[in-house]
Amino acid sequence: MKLRIDSKYIPLMASALVLVGLYVAGCAAFADRNFVSLGVIAKLFSENAFLGIAAIGATFVILSGGIDLSVGSVVAFTSILIATLCFDPALDPRQVGEVAQLLPADWLPMHPLAAIAIAVTLGTLFGTAMGCLIHFFKLPAFLVTLGGMFLARGLAFMIRIESLSIKHPFYAETITNRLNWTPIDGVQIPLIVFCFLGLFAIALYMAHFRRFGRNVYAIGGSEESANLMGLPVAKTRILVFTFAGFCSSLAGVAYTFYMAKGDSAGAGVGLELDAIAAVVIGGTLLSGGVGFLAGTLIGVLIFALIQSLINFQGTLSAWWTRIIVGVLVLVFILLQNFVTAASRAQQKE
Amino acid sequence: MIASLQLDLSLTVSESGFLAVLAALVVLAWRLKTPAVWPLAALALLAVFNAFFTVDFFELRWIDSHLFGIPIDILKNGSYVMLLALGMTLVIATGGVDLSVGAVMAISGAAAAVLIKEHEAPFILVLAIPIAIALAAGLWNGLLVSIFKIQPLVATLVLMVAGRGVAMLITEGFRPTITRQYYAYDEFVYIGNGFLFKLPFAVTIVAVMFAITALLTRKTALGMFVESVGDNDTASRYAGVNARVVKLMVYTFTGLCAGVAGLIYTSNIRTGDPSKTGLYLELDAIMAVVIGGTALTGGRFSLLGSVAGALLIQALTTTMLIHGLSSDQALVPKALVVVTVCLLQAPEFHRKIRRLLPAGKRRAA
Numbered sequence: 001m002k003l004r005i006d007s008k009y010i011p012l013m014a015s016a017l018v019l020v021g022l023y024v025a026g027c028a029a030f031a032d033r034n035f036v037s038l039g040v041i042a043k044l045f046s047e048n049a050f051l052g053i054a055a056i057g058a059t060f061v062i063l064s065g066g067i068d069l070s071v072g073s074v075v076a077f078t079s080i081l082i083a084t085l086c087f088d089p090a091l092d093p094r095q096v097g098e099v100a101q102l103l104p105a106d107w108l109p110m111h112p113l114a115a116i117a118i119a120v121t122l123g124t125l126f127g128t129a130m131g132c133l134i135h136f137f138k139l140p141a142f143l144v145t146l147g148g149m150f151l152a153r154g155l156a157f158m159i160r161i162e163s164l165s166i167k168h169p170f171y172a173e174t175i176t177n178r179l180n181w182t183p184i185d186g187v188q189i190p191l192i193v194f195c196f197l198g199l200f201a202i203a204l205y206m207a208h209f210r211r212f213g214r215n216v217y218a219i220g221g222s223e224e225s226a227n228l229m230g231l232p233v234a235k236t237r238i239l240v241f242t243f244a245g246f247c248s249s250l251a252g253v254a255y256t257f258y259m260a261k262g263d264s265a266g267a268g269v270g271l272e273l274d275a276i277a278a279v280v281i282g283g284t285l286l287s288g289g290v291g292f293l294a295g296t297l298i299g300v301l302i303f304a305l306i307q308s309l310i311n312f313q314g315t316l317s318a319w320w321t322r323i324i325v326g327v328l329v330l331v332f333i334l335l336q337n338f339v340t341a342a343s344r345a346q347q348k349e
Numbered sequence: 350m351i352a353s354l355q356l357d358l359s360l361t362v363s364e365s366g367f368l369a370v371l372a373a374l375v376v377l378a379w380r381l382k383t384p385a386v387w388p389l390a391a392l393a394l395l396a397v398f399n400a401f402f403t404v405d406f407f408e409l410r411w412i413d414s415h416l417f418g419i420p421i422d423i424l425k426n427g428s429y430v431m432l433l434a435l436g437m438t439l440v441i442a443t444g445g446v447d448l449s450v451g452a453v454m455a456i457s458g459a460a461a462a463v464l465i466k467e468h469e470a471p472f473i474l475v476l477a478i479p480i481a482i483a484l485a486a487g488l489w490n491g492l493l494v495s496i497f498k499i500q501p502l503v504a505t506l507v508l509m510v511a512g513r514g515v516a517m518l519i520t521e522g523f524r525p526t527i528t529r530q531y532y533a534y535d536e537f538v539y540i541g542n543g544f545l546f547k548l549p550f551a552v553t554i555v556a557v558m559f560a561i562t563a564l565l566t567r568k569t570a571l572g573m574f575v576e577s578v579g580d581n582d583t584a585s586r587y588a589g590v591n592a593r594v595v596k597l598m599v600y601t602f603t604g605l606c607a608g609v610a611g612l613i614y615t616s617n618i619r620t621g622d623p624s625k626t627g628l629y630l631e632l633d634a635i636m637a638v639v640i641g642g643t644a645l646t647g648g649r650f651s652l653l654g655s656v657a658g659a660l661l662i663q664a665l666t667t668t669m670l671i672h673g674l675s676s677d678q679a680l681v682p683k684a685l686v687v688v689t690v691c692l693l694q695a696p697e698f699h700r701k702i703r704r705l706l707p708a709g710k711r712r713a714a
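Sequences listed follow chains Z and L, in order.
Our numbering applies: residue 1 is where the first sequence begins, and numbers increase by one.
Our numbering applies: residue 350 is where the second sequence begins, and numbers increase by one.
Because the hints were derived from the structure by calculation, they are not lab data.
A couple of the hints might just be wrong.
Stated by the list, open to error - Label pairs and their calculated CB-CB ranges:
1. L:R704 - Z:T340: 32 to 42 Å
2. L:G522 - Z:N34: 19 to 29 Å
3. Z:F338 - L:I561: 35 to 45 Å
4. Z:I202 - L:V370: 58 to 68 Å
5. L:D677 - Z:L334: 33 to 43 Å
6. L:L628 - Z:D6: 34 to 44 Å
7. L:R700 - Z:N337: 32 to 42 Å
8. Z:A172 - L:D677: 46 to 56 Å
9. Z:A345 - L:R700: 17 to 27 Å
As the list claims (entries may be wrong) - Computed cross-link-like contacts, DSS-like style, restricted to lysine-lysine with a CA-CA straight-line distance of at most 30 Å:
10. L:K498 - Z:K8
11. Z:K261 - Z:K43
12. L:K425 - L:K382
13. L:K382 - L:K701
14. Z:K138 - L:K498
15. Z:K261 - Z:K167
16. L:K425 - L:K625
17. Z:K261 - L:K625
18. Z:K235 - L:K547
19. Z:K43 - Z:K235
20. L:K425 - L:K547
21. L:K568 - L:K425
22. L:K382 - L:K498
23. Z:K138 - L:K382
24. Z:K138 - Z:K261
25. Z:K261 - Z:K8
26. L:K547 - Z:K138
Unchecked claim - For the chain Z half of the interface with chain L, some residues (derived, Cβ under 10 Å), not all of them:
27. M13
28. L17
29. L69
30. A277
Cβ coordinates follow ideal geometry from the N, Cα and C atoms, glycine included.
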């Protein structure tokens, strides 16, 4: 019996293979230093949860044939906005630097949950606005989101130039202590990992079991055909960017959970590239229409694994992560080109 | 945040001189029907604003027989984006885009700094090796796009992601600083800090590169080849244009421009800084090109427009810095201006506006 594999699964299987290969290689190389432990695996998730959240949004955008370069800046904007809104001078008098007066003084400091709600709403609306510009005026997505990238980063600096740590008791106690799950001693799974996995489950459902997901794939495959089929192209495209804005700002929230600070200069620098790289390494075609969310999860894990392998190795500089990720992106693009060409040749026969 | 604006209605000689020159340029560009008229007009508007609201914006001074002043600073600080925009114009005219120029700048700058500091190399090698590396980086992009048929956005993304890592490897994670004790110090520092014909030397480099590019594209058939490839790849191939070679050439040329820009920047700050050199400049370059009237879909280009666009971006940044915005906050107005200009140029926007007008006016328009 000959095993036949649909060619659309080949990149996904290749990603899975790379992930397993990297993990086995890590286990073999660092067996003496506890690489094979739940702690290391938990760290893979917790250190890259905000990348993962951003990558989920990027997956939808790329599947629909677009691209979103504003991710990192929106993370920075969200983080500094939250930090500023719940900044209490009484709790933390040592913070120096100007804090912009965003709201009437008697509204501040507000509870972090309210601040998070405001920040996520703004981030989501930001995505909607970019989607509208892209759809209604037929501007290229990379140009509009490039503008969005500048705008969001600049707005973050308008709020505050220096970073601002969050000392609110809600952050200090609830998030960092009480909402962590410690299944066994020494292994800690923070809240953001559950945020990431929960969002992933929802996204998986939306992509593969809802009409919205089908429409996204259809637009990414061919906008013209989608239009002729009577699919709601406008609604879907704008929703995709809205969702991406939501994911980016949620990644910003995850950043504040993880770092307990807002940072307009340092937060999310280059995150958009990492997110795109993770999506591509996960086997999604950058021209749109082909790919799986499961691939993105694998891509994020590959990214995380490379990082932690380099950490374990110790002598290589962290910059090798960037180079290896770049090479992997290239390999996957070439693989996809090859697969597309092969399946086209098959169709001709 | 913004220092209070003070209106000064009187015009000095230099202010009126600059305004007159800019107005003449706008009229000339209008007559010649080049797309450069839009960035030039915006530049003129900005100049009017500065003439009235910014103290001494146009005052030029002689110090040690060199020319100093804010307009000179704009020319000098705009030199990187102007250089990048030259290459980017041609790439975009072929229907592509190059995201890696910032990273290539970092690589060439890092290579130059390391050559001077670690290897005490002679000046000619300090120039030749980084430029050769930058050319190789451009050729790599070109190969991916033309031979492997990867979309340009993606192909150049690879080098954008990996390039800074390469630069870090070259400097081994440090930021090598060049000081007087090294062999090629004087010549190298001249590139970014020296003066030629009373003007910063970087301006001369840009002028020469611009002249060469303009001559090669407008006085030979090369420019037409570039436009035909951008307009319709297949049709131009049937017409006998070697689209592959054209694409290889424009990406390699962009690598060259980025390499030179990296040398100027590194020379200017006397440090090879792998993480900061050229950061976000690819975006500035793309914006300069788009503002300059080169269509992102490819097929036509205006080098003059791109250079004017680059100057507009730099003038805008400088104006905002003078008025008390930090360079980071200046991103906000910059983004707004760029999105607005793109919107004004978008055909879809024109169509929508026309539809909004009442029927009678529509016929007149």
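Status of each hint after checking the structure:
no.	hint	verdict
1	L:R704 - Z:T340: 32 to 42 Å	holds, 39 Å
2	L:G522 - Z:N34: 19 to 29 Å	holds, 27 Å
3	Z:F338 - L:I561: 35 to 45 Å	holds, 39 Å
4	Z:I202 - L:V370: 58 to 68 Å	holds, 60 Å
5	L:D677 - Z:L334: 33 to 43 Å	holds, 38 Å
6	L:L628 - Z:D6: 34 to 44 Å	holds, 42 Å
7	L:R700 - Z:N337: 32 to 42 Å	holds, 36 Å
8	Z:A172 - L:D677: 46 to 56 Å	violated, 29 Å
9	Z:A345 - L:R700: 17 to 27 Å	violated, 41 Å
10	L:K498 - Z:K8	holds, 20 Å
11	Z:K261 - Z:K43	holds, 20 Å
12	L:K425 - L:K382	holds, 28 Å
13	L:K382 - L:K701	holds, 25 Å
14	Z:K138 - L:K498	holds, 25 Å
15	Z:K261 - Z:K167	holds, 8 Å
16	L:K425 - L:K625	holds, 18 Å
17	Z:K261 - L:K625	holds, 23 Å
18	Z:K235 - L:K547	violated, 58 Å
19	Z:K43 - Z:K235	violated, 38 Å
20	L:K425 - L:K547	holds, 13 Å
21	L:K568 - L:K425	holds, 28 Å
22	L:K382 - L:K498	violated, 35 Å
23	Z:K138 - L:K382	holds, 25 Å
24	Z:K138 - Z:K261	violated, 38 Å
25	Z:K261 - Z:K8	violated, 42 Å
26	L:K547 - Z:K138	violated, 46 Å
27	M13	violated, 21 Å
28	L17	violated, 21 Å
29	L69	holds, 8 Å
30	A277	holds, 6 Å
Consistency note: the structure conflicts with the earlier hints numbered 8, 9, 18, 19, 22, 24, 25, 26, 27, 28.
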